[in-house]
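Assemble the whole structure, with the sequences as input and the hints as a guide.
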Amino acid sequence: MYDKKNPIIALTGATGFLGSHLMASMLTAGYKIIILGRPTKEETLQERITKLLRWFGIEELAGQLELAVIDFLKPMLGIPEAEYKKLCAITDQIIHCASDTSFAERKRDIIFKSNVSSLEGILEFAANANVNFFHYISTAYVAGANVTICKERISSATDFLNVYEETKAQAENIISAFCEKNEIPYTIIRPSIVYGDSRTGRSLRFNALYFPIQSIKYIKDIYTNDIINHGGKKSGKLGIFIDDESYLFLPLRIYLPKKGSLNLIPIDYFVNATMKIINNATSGGIYHLTNNSPAKMDVISIYNEQFMKIKGVEIIYGKSADNVLRNPAEELFDRFVEPYRSYLSDNRIFEKVNTDLVTENLHPPEFTDEIFKNCMEYAIRVNWGESIFEEVNQKS
Amino acid sequence: MNENLKTAKNCRHYAMCKIDFLGSGVCASGLEKHYASFYPVGRMDLYAAIAENTIPVTEKCVEIADSCNLCGKCDYQCYYVNEMRPSKVMKALKDYVGAYLKNGGEIVHSEDDKILTEIKRIVGDYWATNDAAVRIAYHHDLCPHVTFKMPEYVVMPNSNEEISSIIKLLNKNNIPYIVRGNGASSHGLVFSEGAILDLSRMKTIDFDEKNWFVKVGPGVASFDLQQEAKKRGYRVHTAEPASCVCSNIMTTGLLSLFSTTYGISADNFVDAEFIAKDGSFFRLNNITAPNLFSFQNSISAHEAFAICVSVSMKLHPVTDDESGILVPFQTLDGALDFVKICSTRHIGLAIGIMGSEYVSSFIAPTKKLAIEAKDIFINKLGMPYLVLLIGDKYALRSVSDMGFPFIDQKLFKTIFQGLSALKSAEWLNLLKGLSDDEPFSYLKISQFAELAETAVDPSPALMTQDIDSDLRLFFEKLYSRPEMNDLVWSNTFRIQSTRCCREKPSVALAMYLPIDNSLIAEIQDGFRGIAEKYHLKNELGFITPIDNGKRCVWEYDYYFDHNDPAEVSSVQQATHEAGILMDEYSVKTGTIRQVRYVVNQGCSRKENLLYL
Chain A
1 MYDKKNPIIA LTGATGFLGS HLMASMLTAG YKIIILGRPT KEETLQERIT
51 KLLRWFGIEE LAGQLELAVI DFLKPMLGIP EAEYKKLCAI TDQIIHCASD
101 TSFAERKRDI IFKSNVSSLE GILEFAANAN VNFFHYISTA YVAGANVTIC
151 KERISSATDF LNVYEETKAQ AENIISAFCE KNEIPYTIIR PSIVYGDSRT
201 GRSLRFNALY FPIQSIKYIK DIYTNDIINH GGKKSGKLGI FIDDESYLFL
251 PLRIYLPKKG SLNLIPIDYF VNATMKIINN ATSGGIYHLT NNSPAKMDVI
301 SIYNEQFMKI KGVEIIYGKS ADNVLRNPAE ELFDRFVEPY RSYLSDNRIF
351 EKVNTDLVTE NLHPPEFTDE IFKNCMEYAI RVNWGESIFE EVNQKS
Chain B
1 MNENLKTAKN CRHYAMCKID FLGSGVCASG LEKHYASFYP VGRMDLYAAI
51 AENTIPVTEK CVEIADSCNL CGKCDYQCYY VNEMRPSKVM KALKDYVGAY
101 LKNGGEIVHS EDDKILTEIK RIVGDYWATN DAAVRIAYHH DLCPHVTFKM
151 PEYVVMPNSN EEISSIIKLL NKNNIPYIVR GNGASSHGLV FSEGAILDLS
201 RMKTIDFDEK NWFVKVGPGV ASFDLQQEAK KRGYRVHTAE PASCVCSNIM
251 TTGLLSLFST TYGISADNFV DAEFIAKDGS FFRLNNITAP NLFSFQNSIS
301 AHEAFAICVS VSMKLHPVTD DESGILVPFQ TLDGALDFVK ICSTRHIGLA
351 IGIMGSEYVS SFIAPTKKLA IEAKDIFINK LGMPYLVLLI GDKYALRSVS
401 DMGFPFIDQK LFKTIFQGLS ALKSAEWLNL LKGLSDDEPF SYLKISQFAE
451 LAETAVDPSP ALMTQDIDSD LRLFFEKLYS RPEMNDLVWS NTFRIQSTRC
501 CREKPSVALA MYLPIDNSLI AEIQDGFRGI AEKYHLKNEL GFITPIDNGK
551 RCVWEYDYYF DHNDPAEVSS VQQATHEAGI LMDEYSVKTG TIRQVRYVVN
601 QGCSRKENLL YL
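Top to bottom, those sequences are chains A and B. The opening residue of the first sequence carries number 1 in our numbering; numbering runs sequentially from there. The opening residue of the second sequence carries number 1 in our numbering; numbering runs sequentially from there.
No more than 20 Å apart at the CA atoms, straight line, and that leaves these computed lysine to any residue pairs for SDA-like:
{"#": "1", "chain 1": "B", "residue 1": "K444", "chain 2": "A", "residue 2": "D322"}
{"#": "2", "chain 1": "A", "residue 1": "K107", "chain 2": "B", "residue 2": "E438"}
{"#": "3", "chain 1": "B", "residue 1": "K444", "chain 2": "A", "residue 2": "R326"}
{"#": "4", "chain 1": "B", "residue 1": "K423", "chain 2": "A", "residue 2": "V382"}
{"#": "5", "chain 1": "B", "residue 1": "K423", "chain 2": "A", "residue 2": "S215"}
{"#": "6", "chain 1": "A", "residue 1": "K107", "chain 2": "B", "residue 2": "S435"}
{"#": "7", "chain 1": "A", "residue 1": "K237", "chain 2": "B", "residue 2": "A449"}
{"#": "8", "chain 1": "A", "residue 1": "K220", "chain 2": "B", "residue 2": "E450"}
What the hints contain is simulated information worked out from the structure, not anything from laboratory work. Quantities reported herein were computed from a predicted structural model and do not represent experimental measurements.
Right, here's the structure in full:
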């Protein structure tokens, strides 16, 4: 049974990484949640949510959920009028978590549709429901690439690293203007780069931090296989070998624009902090959920060397000279890391006055070797997400 | 049904066993006796007929069974194409006939009638027969749309004069006849209850290099002509390897991926010779010759006007820097835009959009691997469409300059020989992520092919690991040969194309139409809808731009099991409905020409066929 004292929250993006963890946490806390979501070609919305509840081990809380299949771009979110009115009547707050997180410029139109054009419908719903809070999950990177300190205020930046940042900044502007005009209390929550659970390593998504590590893992597997099964026909020519300590020596130069770090927060911190913000928020509050001790790339590289049993990875700051000969692994890795490169050597500082005020000094943990290991072990166990639900299915 | 009968009834009748496409030799008795019946394709029919008691054991039946020396060459050929082992059927036929004779079985002798006696007087005793064991090989194929006919006679003339005399004789006696080039049939077009004239003895190939043409007799198969042309440093525009050059032009106007550059129909030849229905001879270049360059957009024009006894095919120059690439696309729209640009700008010699069904079938040595390859292309690589483009170094550089990532010859060889390793390659999952910003951008990494080669360790041994163990060594050696891995060679000789029906035979819905993306999508939806209604497997075959990108030729395929009456009935109905759909679009747009209406109008001038 859910706790009637808690508000009824309409949640978008519940099938995504952040949204699903929020859903799980709020259900556990006794909230009743209205999931505004979509089916996929393969699964109904109900099936998608059921699968997630099973992954979180909270199937018994399904009764606290109400599901509505919506289309952000249709009038009344594409919901039949009677149902729409009913949802308006019972919704107390909205957490808008749905987002297209792609950085791809070629998908600009699609990303704009998902992150900006879709706002009209959900904001109209907020107004019709007369909600007592509209919470928007944004990103810490709306302040632009060239600022030193990212303030807890609406951004007017134009120097974004990618279309994702641009749309999130635009969305913040639209939401704040709409909510202020319509006197809807609102918050904007800005997480930095989120990884799995810092205690268990569990995660539902494996991009951002995981993708470069995954690529090194596969590159390592390719050359290890070549050495073990094919006599190192190709590896030998590239100076790749397995040393006496069973480490793979893999010369891999990673070029980063400058010295800096990667701002990582675990999903458990994101969820706990967001819950506190929801409970203690003041209207118009902007909250950075970031790490005051961001992880240095050379440190992550050391974690990775130990974890993967590889040597030879070298972080080089600055641009590579055009005449530098690269081995195939370097070329491939370079392509993998490209969308994330700027985030790997970031020096921006995030203001956290509002956050500290409402999250009661809750802070994300430092990204340690142990956390790295837990997260990567889980990622490998579930084959970087490919078999993530198999484990749960087997248990059930 | 026993295994041998099942194999026999699965013969696709493509007659690949009549050409030496693997360099392993051709059935010796076929080469000596010439009748289709003495090749494995004929013995398959004969065994099925004997096993089902359709015909008795005849004199020719004994001769056909005896003449097989069980050399096993047909296994190599048929396994390559269809993964079948005909030699077991050959042996079963020999065993059956041997046991029949041992048990004192009666051999049926076919008496010559008056007509046959006359025909034999023209062509010689051996080259005409009414023996059922020979005739059975000429009485059916896998086409689901026709009523098959058992011919009364099979005749193998060897000169224009003999052909002329025979048809005068047949006309005089009101005996219907039909002509076959290579002796085989695959589209239900060459059946007669009268006489079959099999011209496959007439294999003359005369080059006139000064005038850039080669005069080809009516029994010459495409593969054999292409080989001769290649020896002299040329390329000839040909169709499927076992198909006969002359009859191919007459029936479909000859189209292939090379049609982008070499054209279709009358573009292919400089002259042709015919024997008219009255037995008279004429050359197309004669001022008094009938106008065979016209085109009538109707099935009523199908009656054969004459017998083509030679075509003088154009010789095309070949440069030593030709190479092939595969350009991947996530959508048909993208692929259509690309081929339109290339064709309009004259980039590439041969261009074709191929669906993953074709690509997988072509490159996989077994059915199982073809299914896995299709999954790899669609789901792991996200490449449901691939454009095959063959061109010289300037053409390929243009594609690169245009910014399209592609699979080059080196990477193709890795994929071709490493398919089995790709199915379990976890690292392929990464490529999806790399494609987010620019699809297939990893193909632009200069050393990607090198890395893929390291990961897959491709080899002929790897690609043949699922092949029957007793054939593995042969195929390992075969796939070691450079030309077997070469996109240019394989598309010039097209020996893999018949693999598209390895799982099931298909009916091709083919037409010429403008490269209009929405029109093609609309018609394709129609084709799909019809096929799904009848639960038929259906796939895009290929789309090739022609005439500088103003038109294309498009094949869409319905697959069916020819041994399952329910599926045959389904494909009949589905094809009928698809035909109506094509007719409707043809009327509505005024720009669509169906290839089925080209039959017997293959000499048409392209402009008459496409535009008027």
